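Undergrad: Chain by chain, the residues run as shown.
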Amino acid sequence: MLRDRERREYAVMLAPYLIGIAVLIALPALVTFALALTEFDLIRSPRFIGLQNFRDLWEDDIFRKSVRNSLMFILFAVPLRLVGALAFALLLHRKFRGVGAYRTSAYLPTVVPDVAYALLWLWIINPLYGPLNLALGAINGPTPAWLTDPRAAQWVVILMSLFVIGEGFIVAMATRQGIPSELYELGDVEDATPVFMFWRVTLPLMAPTLLLLMFRDTIFSFQANFVPALIVTGGGPPPNETTYLPLFIYRNGFEYLRYGYASAATLVMFGMTALIIYLQWRIVKRWRHAFVV
Amino acid sequence: MADLRFAGVRKDYGEVRALRGLDLEVADGEFLVLVGPSGCGKSTALRTAAGLEEVTDGSIHIGDRDVTHLKPAERNVSMVFQSYALFPHLSVEENIGFGLRARGDRPKQARPKVLAAAELVGCEKLLERKPFQLSGGERQRVALARALVREPEVYLLDEPLSNLDAQLRVNTRAELKRLHQRVGTTMVYVTHDQVEALTLGDRVAVLDEGVLQQLGPPDDVYRRPANRFVARFIGSPAMNIFPAERVDGSLRAGPFLFEARPNLPARVEVGVRPEHVQVDEGGEGAPAEVQVVEMAGNETYLHLQAGDSPIVARVGAALRPSVGSTVHVRANAADAYLFDAETGETLS
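One line per chain: the protein sequences are P and Z, in this order.
Sequence positions in the first sequence follow the working numbering and run 41 to 333.
Sequence positions in the second sequence follow the working numbering and run 25 to 372.
Hints in this document: simulated from the structure, not taken from any laboratory.
Please read these numbers as outputs of a predicted model, since none were measured by experiment.
By construction, the Cβ of each residue, glycine as well, lies at the ideal position given by its N, Cα and C atoms.
Treat the hints loosely; a few may be bogus.
Unchecked claim - One side of the interface only, derived from the structure: several residues of chain P facing chain Z at Cβ under 8 Å:
no., residue
1, E99
2, D101
3, G218
To be verified - No farther apart than 30 Å at their CA atoms in a straight line, the calculated lysine-lysine pairs in the DSBU-like style are these:
no., chain 1, residue 1, chain 2, residue 2
4, Z, K137, Z, K149
5, Z, K132, Z, K149
6, Z, K201, Z, K149
7, P, K325, Z, K95
8, Z, K154, Z, K132
9, Z, K95, P, K135
10, P, K325, Z, K201
11, Z, K132, P, K325
12, Z, K201, Z, K137
13, Z, K137, Z, K95
14, Z, K149, Z, K95
15, Z, K95, Z, K132
Just chain P, with the same shape it has in the complex (with noise of 0.2 Å):
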């Protein structure tokens, strides 16, 4: 049992960081929920409409293409991205010479700041003068127009985010560097091919890390693309191919100064996160006797 001066002292030491979620996430959450009921422009007084900005989310073609554009992102960035980090991982986790530096460089994209990738991504990408292009060009591949093509738009949004992956792959690394090494040695003896114990051994033994990573990483591809798409594509080529969610949200909060709308949106997108995540815990729960440790 604690004593009082000891739950006092407790308190204390928790207090700046529970007022810091109070003030700085719970309290915009609460707001977000009553100004999604609103319709609110920062001039005039919030106007309670129940749930209109809903109805109106439902009948927005930019919405509904938002939603779109935000789930394939979703689908083939979350994939990808986990491919990325568990194949660097599986790459990099051994010591040999020279592997500080590759790790460095694998995890450096990471720390670059997100405005500073994106515009160094507008030079990769430039058609007339942009590396990508002129290594294309080089080889006799195709030179898509990056920025204009509605397809090729959105792919750059999703390779922007695969050399984003340093946390992942440290995780990753560290539970390869976790998996006994005489289980490998085992493997040896025993004639067990790199494939055989790649699915049978590496791959069960990581899962669980694996999938934790693919829930985090769930959440925060809803996120990610919103530098990209405002500085990269600007939300484009027309009609909105670049256009996800976080933008839609921005663009109607910021610039149309919308914030009940813009509220709604945000709502939408959390609701879609939950259900989401809770769709892979209910996939995972029902398959988790392959995974269990």
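Given chain P, work out where chain Z should sit, using these hints.
TA: Quick look at chain Z alone, frame taken from chain P:
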């Protein structure tokens, strides 16, 4: 089944020499125990035999095949690791059948072999369980069954009992011996425990600093140690060793006085095993102060101080002098070992 031969095997890790030209032959069907202190090279020797470590020099043969540069899988050996190396996400059945599946057996083909191996070590009722549901002893059985299931030419066992408690170790030791008698396949067993070495091995190879110190039947290694290291390492409590000085044609070694035989080197040492130290509470012999009394059930270990010489004596349970009292110690010359103080070699 096949014999296993190490011919001048050297293994260096940078500046560290783990094996310094190991020559060792393990006969077909033999149970050979490699024993030595930590870092003596015994596990390295086993790993080079398995192919998990490349040798720096020398060669390794299994039967009539030179396997020195073969991959582990091509050597037809099975290995039991100290940690058991069980796959935590696989059932006992899948663990035992792992090697069979890796080599292409379908589950239906593997199952009868898995069952036979499981029955051999008595874990046939555990097949559905996962490793985390097993006790230490059960895990050890599963690891053994996995090694047995493929019927290789040589079994390599790396301290498989070291994670078990003392009671279980004794039981499992006997089971392992019975198992070897039943399967009759060549087994090389690594341990740092000299009791395990003496009780299990048909022959015992004692290693120190990457050099084979002695190879022979357990009785030989215990009764006729090749040098001071083997004499000290084999036997518990360890042999008492005293620097000897010549006194009027005799050898004084600690509290003991022996007749000096001719042609001894300039500097010699005398060894007396604890069980050969005769302790008398009131009779003849050199006086020694009792410093520690250790009860070990049917016997007692006495830690004594005779002048400048510490002595350990192993006596019957009936003799229990009190700490601080004085006893008298003697030893027969026939029970004493003589070592060259320079080289450490035993003098015959």
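Undergrad: Return the numbers of the hints above that this structure violates; sort them in rising order.
TA: Violated: hints 1, 2, 3, 7, 10, 14.
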